[in-house]
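*Asks:* Order-wise, the sequence lines are chains C and S.
Residue 188 in our numbering sits at position 188 of the first sequence; the count goes up by one each step and never skips.
Residue 346 in our numbering sits at position 346 of the second sequence; the count goes up by one each step and never skips.
Don't read these hints as lab results, they were simulated from the structure.
Please note that the accuracy of each hint is not assured.
[What the hints assert, rightly or not] Here are the simulated lysine-lysine pairs, DSS-like style, with alpha carbons at most 27 Å apart:
| id | chain 1 | residue 1 | chain 2 | residue 2 |
| --- | --- | --- | --- | --- |
| 1 | C | 220 | S | 149 |
| 2 | C | 205 | S | 149 |
| 3 | C | 439 | C | 319 |
| 4 | C | 616 | S | 357 |
| 5 | S | 357 | C | 205 |
[As the list claims (entries may be wrong)] Just a sample of chain C residues kept apart from chain S, beta carbon distances all over 10 Å, derived:
| id | residue |
| --- | --- |
| 6 | 71 |
| 7 | 176 |
| 8 | 187 |
| 9 | 458 |
| 10 | 466 |
| 11 | 556 |
| 12 | 588 |
| 13 | 590 |
| 14 | 605 |
| 15 | 609 |
| 16 | 642 |
All C-beta atoms, glycine included, are put in the ideal place defined by N, C-alpha and C.
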Amino acid sequence: MSEQRASMDGCRSGAHSFLKYLKIERFGAFSDRTVGPFAPGLNVVFGRNEAGKSTLVSFVDGVLFGWREARGARNTYKPVGAERAGSLLFAEVDRGIGEAFAGHEHYRELRRVRNADGAQGDIELLDDIDAETFRTMFALTSDELRSLRNTTDMTAKLLTAGSGTSSSPAQALAVVQGRLAECTSRAAGAERSVVRALAEQDAAKRALDAAAAQVELHRKHHHELHDLEAERDDLNVRMQQNDRSIENLTLCREGTERLAREEKELLVEMAELEGEERLAQERRAASAASIGQRLAELSSSEDRVLRDRLDALAARENKYAQAVDTARSNLTDSKALYETCVEALGGDAEKEHARTRHKIKATFSIAIPLVFVLVGVPLFMYGRHLGSLSYTILGLALVAFAVMVAAAALGMMLRPERPADPLRTRVDDAQWVMVQDEKKLAACRADEERFGASVAEELEGHGLGDARGDIRRARAILDEAKDVRAAMALDDQRARAARARLQAVAVRLDAIAQERFHLCERASVPETVSDEELEAAIDRCVQLRLGLQEAANALSKRHGELTQELGQAQRTSEFERLKTAHQEAITRTEEAKHEFAKLLLARRMLEAAIASWESKSQPEVYARASQLFSLMTNGAWTSVLLGDDGSLRVADDARTVRDPLLLSLGTTQQLYLALRIALLMSAANVGAAIPILADDILVHFDAERREGAARALAALAHVRQVILFTCHEEVMQALTSADPSSTVIEL
Amino acid sequence: MSLHGKRQVRFIHGADVHLGAPFRGLRELSEAWADRLVEAVPEAFDRLVDTAVRERVDFVVLAGDIFDNGRPSYRDYLRFFQGIERLSDAGIPTYLITGNHDPYVSWQQDLFAFPEHGHMLSADRPDFRLFERDGEPLVIIAGRGYPNKVWSRDRDIAEGLNRAAAEAALGPRAQQAPFGVGVLHTGLDQDLVKAPTDPRGLLRSGLDYWALGHVHRRYLDDERDPHIGFSGCIQGRDIKEVGARGVHLVTLTEDAPAQVRFVPTASVVWQRLSIDVGECATPSDIIQLVMRELFRVNGDARCEEMICRITLTGATALHETLGRADVIEGMREALNNSYPDFFVDALIDRTTLPLDKEALRREGLFPAVFMATAENARRDGTAQYAYLQDEFMAKNVAMPVLAQQQVDALAQEAEDMVLDLLIGEAGEGA
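I would like the entire structure built from these sequences, with the hints used as guidance.
*Replies:* See below:
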């Protein structure tokens, strides 16, 4: 305790500042006014009402902590049409020696004009005081004295404030508490929050898990893709096979259909052809038969030759015919002549006789040789047989004789008739001519006939027997035959064509059979397969193809999906980033936790230290407060203490403990004054340069208590500068008598 | 390849790729660095493959923990298989085993994706392979993986992995192979929780080199005649895995000791720095000092890009300035903007006011009382711990795992913080 006080006094090396002057430039009613000089100890400012006592207190508050703004019903002391401005002048005093440095050049000044500019000048004077402490502890009014807000905190603050540190332990504790609160805050801005770090870590983990699930999926899909490609190849092979089957079966079906049709046609054709051939052959045979072998086989050159021959024969025939005609015409002429002659003669009977003579002559000329020949030849023969020359010669002579006779007869016959009378000669001539002509005619006719016969024979020889010797007809027959031959040739050709075609057909039928065999073989069906079976097979294959195609499409689609997905997956490093982010979140959480632990330990130690520190000085404060209270109440109350629950209590000598609420106003004020004074005396470091400004606080005290209070204030004045404002003479007197060295300033 | 008629074989021993594991302990990465880190592990794996192809090794051995619990992204998953395919195309077979982070059960969906020359050894029993070059048997590979996440305590994971068993399983051709390589994912004698095994057992197995995985720091049992090695992880993933990371390039020569060369594959290196800034008068002084330190440290690591956590210590009058979050953040940003290959993930202020604590104690004012209280509290550590537990529970927040000395450190920091508040500039409140 004593060391504390020693340290309090010693910490400024003996000298400390005190408020000497108030220099008001403009504030409230004051303008360019200096109040002072104040002394380091007790000062009383005596002024009538409205002299400006409260104004001065507000002025000091304003310079130190800023002019109050007009909010609600409060006097801000703002002069009309001007800015508040003023300064406080502080001098130094050494308690031992007195005013340490005389002369205003050593003064320290605090000045304020505009709030925005802050306090100017020696602002380190403000280092050890804050507005709340000032207004609670330093600027005292009657009202203020009715309580001491936040007793324990204020106590702690003040007590620990007087601890030789530039910021109080309470402040340090507040900072630590603040940071601890941040650590558990869920607010978005709280960077150090463990809770938030954990939440971020969880979020990162969730994102990571989701991505991990993705990655697993990708690996599965990789595998799936691998299998899928194998499946797809397989499917392709099957599809190709199926397509080939369909092709083969279709070919087979169409082929067999076509081939069957063709075969049928061919068979029909074959029958037709055979018929045709047969027909042609028959016709040809018929034709050949109709014109005969020779003609049928006549070649064109032979035909020409034949025609030429026919022409030649025709020419000759014409000649013969012409001759016959000539002869006939001659005969006709001669006959006509004869008849004319005969008619002239009456020639028929002559003719008859002539004829009869003729006849007899002829008979003899023939009969006699004939008889001779008939005898002679056998005789000759007998002679030869007997070898008798006589007989032979005889025979021969007979035959010769016969011949001679015959010749003679013939000669006779042939000898022309003697001419009769000229008419008769003429008739005979005419008759001879006529007979000549007859004979000529006969000869011509015979020639013609002979010729005709030879022609007929020749024609017959040439196969033109049907012409019966008629050359024209023969020619017609030749023409016919030519036509027939042509027809035959045509038939021949047709037959041959038919035969050739038949062969072709046969070959084609063979080929058809082969083709069918191959088709069926390629389609793997037996040759005996029916169309319905083939159709059914094709249908099955088509159905299969549809199915396979669907499957292939599905596979392709999946392949495409997977390839795209895996392609994208290959390019992203999202998963790794999320992992890193997760690890970062973990690290940050760990660090936040370490920070939290550190702050907890700090708080623990600090609270313990504060408690330790307080426990040393707190009793001192309450002891002094009790003392002062007792002094002020004249022993009516003897103790001020802290109850168990941390609230203030008062007790009297008889140990009656009361709550301050139960005290009278005056007593309450005394209580809180006592407490404040005790605290202010203990915490001499707080606001060391700032005076206690009491604005007429003793009004509610009676004379005795006033004395006590005055003595208390005087005690305080030993340690701190006190400036009390009053308008009551008795208060002034009480103070001046309690402390004769006090300074009085009149306003 | 032979050296003076002696046969020789070269291979890459890598492990603990941990594809899919996130980077831990980072506070706040910039966008650019977040992207950078996403690429870091797959890039490290690509470097492994590049090294194998460039050095024309005979084969590659990966000793487990290829994938992490955290599952790699689809892109990284594909990149891994593409890497194996690249090796396969270059004629370099890969032998892999599963580890505790990627046990065999987790691989079953993906085995179809392995190319021709990627061989996964089995996990339910010891497995053996024979490596041949140009038809000549050269190396017996013996190993096994983890079947599921936990390995039973009473079984030795190295059981049954020895030369004799290999020859029995692979047939007479195996006897002609001059070299034997073991592959195992084990804690050895360094991590006794995860399938530990006795190194002496491994040395007796008749195999020339054991390519182990699980421990993330590289290790060789004997630098001059190594038989057991951990290649360590290929890229560090948090602030505890500082220093260079990579793979081993192992050369086995007949009748000669194995040669193991470390090949770094990490593209980003982690560093923790503690810098005393007591001498600095202004924040820019601090920044310059930090930069100098960063360069110095980076010179030691064999890697261009660095993520650092820098703690500023020392008693300095700048303490209050540094106490402001925007100042620290501004300094951190200035550091990050100055050199693109360094990233300061966190700049932590652990400076203190230049307080003369003795003088304060002598003054006997509140700070002295406070320091005495603090010391009392420190003496009763368990009460502090209990208090924290109660408070955390009251706020329904899970308490972080703290060792006692961490609690003490926090208490010290708390004390310093309160002293700052008391003695420093007047805080919030005037």
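*Asks:* Which numbered hints are broken by the structure, listed smallest first?
*Replies:* Violated: hints 5, 7, 12, 13, 14 and 15.
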